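Under UniProt numbering, residues 1 to 454 are what the sequence shown spells out, in order.
It is worth saying that the hints were derived from the structure and are not from the lab. Please read these numbers as outputs of a predicted model, since none were measured by experiment. The reader is advised that the hints may include incorrect statements.
As the list claims (entries may be wrong) - Capping the alpha-carbon separation at 20 Å, the derived lysine-lysine pairs in PhoX-like fashion look like this:
(1) 81 x 102
(2) 340 x 400
(3) 167 x 223
(4) 223 x 131
(5) 192 x 81
(6) 400 x 81
(7) 380 x 81
(8) 5 x 251
(9) 3 x 27
(10) 116 x 131
(11) 5 x 162
(12) 352 x 380
(13) 27 x 386
(14) 81 x 352
(15) 192 x 223
(16) 277 x 116
(17) 437 x 340
(18) 409 x 437
(19) 277 x 167
(20) 400 x 373
(21) 352 x 409
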Amino acid sequence: MSKIKIAVIGSCVSRDGFNSEFIENYKDYYQCVLTQNHMSMLSLVSDPVPFIPKNLDGNITDFNKQILITELTKGVWDSLKIQEPDYLILDFYADVYFGIRKVGNSCITDKTWLFKESPLFHTLDLKDTIKINKNYEEFIRVWRNSIDEFMRIMEKEFPSIKIIVNKVHFTDFYIPKNGGELIRISETGKYKKIDVDQINQWLDEFYQYFEDHYDVEFIEYDKEYYSYEEHKWDYFYVHYTNDFYEDFTSKLISIILDDLYNAKQKEKSVYVTDLPKNNLIRNSTFNMGNSFWSYWQDDFKIEKPERDCPSSHILSINCQGHKKDSNRQVWSHPIEINAKGNETFTVSFDLKIHNLEQVDSLKVVFSLRTFNKVEKVLQKDCVWYKNIKFEDIENLAENKWFRCSYTFKPSKGKFLKVAPYLIRNGNLSWRNIKLEKGEQATEWIPSFKYASNG
């Protein structure tokens, strides 16, 4: 039987229970298939933020580039669709410690100190911040509304996932290396000074809201934990002694055992059958221009919708007379799939080839690539790829729209990107692009949370 799958949206207080350096044998019990790091609940349920995926360089690590991109795309929702976890663990560290920053009509977790190192961040429509310690009434109101929206989405889109709230508290004390008296973290000057008692009071308000309004599970603790100087990540308000991670694990296992897992699996199979296939591509209609598409080349044009499909703009390219390959391409935003060769995906799109004979040089019309780094697009940087050619298309036609689909199983790669593609000459048009998990193409639908714009 396959192992139980766990997802985490939270901080190291929840994620480190799935780190072998803290719990050596955790993989004996379950697998952690998804971790979304430090994302506020307000950011999670807000709309994706349109952006052009470039200018990702700067003094920022690959890991933090990924965090910035997922804050903008809200791609964790797609990851939940792909990974299909049995349990989702939440903690609210990001809400009380960071707050949010408004971006256009949406928001992201306010990690300005980190994100500002990427030039991409400065291209966004940045607005005010909302923090619980400065805007308590506004923040708590928006937070509760966000939780209500989060639970609405979970009940509608992910009814088989059980939600677990990790009821942690911050600590203001750490144990020094020499084992002497406890030292107050907020007075060391190493981290920003916070009122730990006040933060824990706010956290208790969050926990109480869940208890009063929703049927979710809780991991609760009956003792106080301290940090310590020799912690793997150094001492901090939410870095604890080893007994915390051991207690977390035993309490999580107890919840899983109480759920009678085999009965849960039968229930899950019924739910999954009724769920529509999710489109993993943001702005799949190009109704938002080139937002969410990268490596944009001027040969590509966005045309107005045609009468037969008035809800979708058209991406087109017309190259004639080229003597050498020029490899014209436009790449989607990265979709985190963590491929291991056991998950199947299907891509589909409307295609119009104005003249079949004009398409030369391998007759490629679409491309798929996986990467281990979030910002890469070139074939030399990919770890798996597939070019979709004329020979891969069953219903090939000339000068009229037809629907293409291709099913594939990437052997490796953390991020998947898809691209309309033309190697040399041809006059091609694409619209209504769809990427979904599964072995067959289903009817095009807009991406999650983008019903109006695709």
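Against the structure, the hints:
With a C-alpha separation of about 26 Å, the suggested pair residue 81 and residue 102 falls outside the 20 Å cut-off, and the hint is violated. Proposed proximity of residue 340 and residue 400 is contradicted: the alpha carbons are some 38 Å apart, above 20 Å. Annotation: proposed proximity of residue 167 to residue 223 holds, straight-line Cα distance about 12 Å (limit 20 Å). Simply put, residue 223 and residue 131 have alpha-carbon atoms about 29 Å apart, too far for the 20 Å limit, and the pair is violated.
A distance of roughly 37 Å separates the Cα atoms of residue 192 and residue 81; the hinted pair therefore is violated under the 20 Å criterion. Note on residue 400 and residue 81: the hinted pairing is violated, with a Cα-Cα distance of about 33 Å set against a maximum of 20 Å. Only pairs whose Cα atoms come within 20 Å are accepted, and residue 380 paired with residue 81 is rejected, the gap being roughly 29 Å. For the hint linking residue 5 to residue 251, the alpha-carbon distance of about 16 Å falls within 20 Å, and the restraint holds.
A C-alpha spacing of about 9 Å is found between residue 3 and residue 27, which places the hinted pair at or below 20 Å, so the restraint holds. Between the alpha carbons of residue 116 and residue 131 the distance comes to roughly 18 Å, so the proposed pair stays at or under 20 Å and holds. With a CA separation close to 11 Å, the supplied pair residue 5 and residue 162 stays within the 20 Å bound. Between the alpha carbons of residue 352 and residue 380 the distance comes to roughly 29 Å, so the proposed pair goes past 20 Å and is violated.
For the proposed pair residue 27 and residue 386, the alpha carbon gap of about 33 Å is over 20 Å, so the pair is violated. Restraint check for residue 81 and residue 352: not satisfied, since their Cα atoms lie roughly 30 Å apart, outside the 20 Å limit. Restraint check: the Cα-Cα separation between residue 192 and residue 223 comes to about 25 Å, which exceeds 20 Å; the hinted pair is violated. For the given pair, residue 277 sits about 36 Å from residue 116 by alpha-carbon distance, which is inconsistent with the 20 Å threshold.
Between residue 437 and residue 340 the CA atoms are separated by roughly 14 Å; this keeps the pair inside 20 Å, and the hint holds. Proximity of residue 409 to residue 437 is assessed by CA-CA distance (about 10 Å); at most 20 Å being required, the pair is judged to hold. Between residue 277 and residue 167 the alpha-carbon distance is near 34 Å, which puts this suggested pair outside the 20 Å criterion. A distance of roughly 37 Å separates the Cα atoms of residue 400 and residue 373; the hinted pair therefore is violated under the 20 Å criterion.
For the hint pairing residue 352 with residue 409, the CA-to-CA distance comes to about 26 Å; that exceeds 20 Å, so the pair is violated.
Consistency note: the structure conflicts with the earlier hints numbered 1, 2, 4, 5, 6, 7, 12, 13, 14, 15, 16, 19, 20 and 21.
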